[in-house]
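On the provided structure of chain A, position chain B as indicated by the hints.
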Amino acid sequence: NAGVTQTPKFQVLKTGQSMTLQCAQDMNHNSMYWYRQDPGMGLRLIYYSASEGTTDKGEVPNGYNVSRLNKREFSLRLESAAPSQTSVYFCASSTQTSGETQYFGPGTRLLVL
Amino acid sequence: AQSVTQLDSQVPVFEEAPVELRCNYSSSVSVYLFWYVQYPNQGLQLLLKYLSGSTLVESINGFEAEFNKSQTSFHLRKPSVHISDTAEYFCAVSEPTGRRALTFGSGTRLQVQP
Chain A
1 NAGVTQTPKF
11 QVLKTGQSMT
21 LQCAQDMNHN
31 SMYWYRQDPG
41 MGLRLIYYSA
51 SEGTTDKGEV
61 PNGYNVSRLN
71 KREFSLRLES
81 AAPSQTSVYF
91 CASSTQTSGE
101 TQYFGPGTRL
111 LVL
Chain B
1 AQSVTQLDSQ
11 VPVFEEAPVE
21 LRCNYSSSVS
31 VYLFWYVQYP
41 NQGLQLLLKY
51 LSGSTLVESI
61 NGFEAEFNKS
71 QTSFHLRKPS
81 VHISDTAEYF
91 CAVSEPTGRR
101 ALTFGSGTRL
111 QVQP
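Top line first, the protein sequences correspond to chains A and B. Residue numbering for the first sequence follows my numbering, beginning at 1 and increasing consecutively. Residue numbering for the second sequence follows my numbering, beginning at 1 and increasing consecutively.
Chain A on its own, in the form it takes in the complex:
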């Protein structure tokens, strides 16, 4: 039981390049989330998916797109990376029950030059 996995662990991009961050969970959770973590700002929600086939914007969605490929996988795409997107990205999942614990992946560290 791997929980929440993320790939890659680390990535360096040049401004304008694109990339997709992958996330998968094996806990049969309905809800999945993408957060970014920046120093002194905690974690901020980028996008979330309440169930397969649905996605919705969070607090900081600009510059990102997401795809809920199936119940297990939720990817985050940067179409044209900018230095402001340098951050650590975390994927999380939970059941849809109110108050349920969110389980986090190990994170992807992204540097945009």
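Rather than coming from a laboratory, the hints here were simulated on the basis of the structure. Please read these numbers as outputs of a predicted model, since none were measured by experiment. From the three backbone atoms N, C-alpha and C, an ideal C-beta is built for every residue, glycine too. Don't take every hint at face value.
To be verified - Simulated restraints on C-beta separations:
#	chain 1	residue 1	chain 2	residue 2	range
1	B	Tyr-39	A	Thr-7	19 to 25 Å
2	A	Leu-111	B	Asn-61	31 to 37 Å
3	B	Glu-20	A	Thr-54	36 to 42 Å
4	A	Met-41	B	Ser-28	18 to 24 Å
5	B	Pro-40	A	Arg-77	27 to 33 Å
6	A	Lys-9	B	Val-29	33 to 39 Å
Only chain B this time, still in chain A's reference frame:
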């Protein structure tokens, strides 16, 4: 809209001393409250949470937090810290309905010194 304020960005403390990490929140509706811990180069793990019932909640490793509705606070305490408690601690809230995503505070780095 809801927000979370963690008043201390860093808390240095000596081993075996008590510690309190402060958290205040604001929300127009009732919320669920969480403390997550992040060890170096890892993802976040749930430490404890308050949903309803007893206002004092405890974790398995000796931390406790008390929900105070009148002061809109959810401070985290431990009577005696260990070196292994060195980590960053995040307070978070979520609404009981809707998307249930977490709103995080900015984090408090607990540095336990020998």
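Numbered hints the structure breaks, given as an ascending list | none
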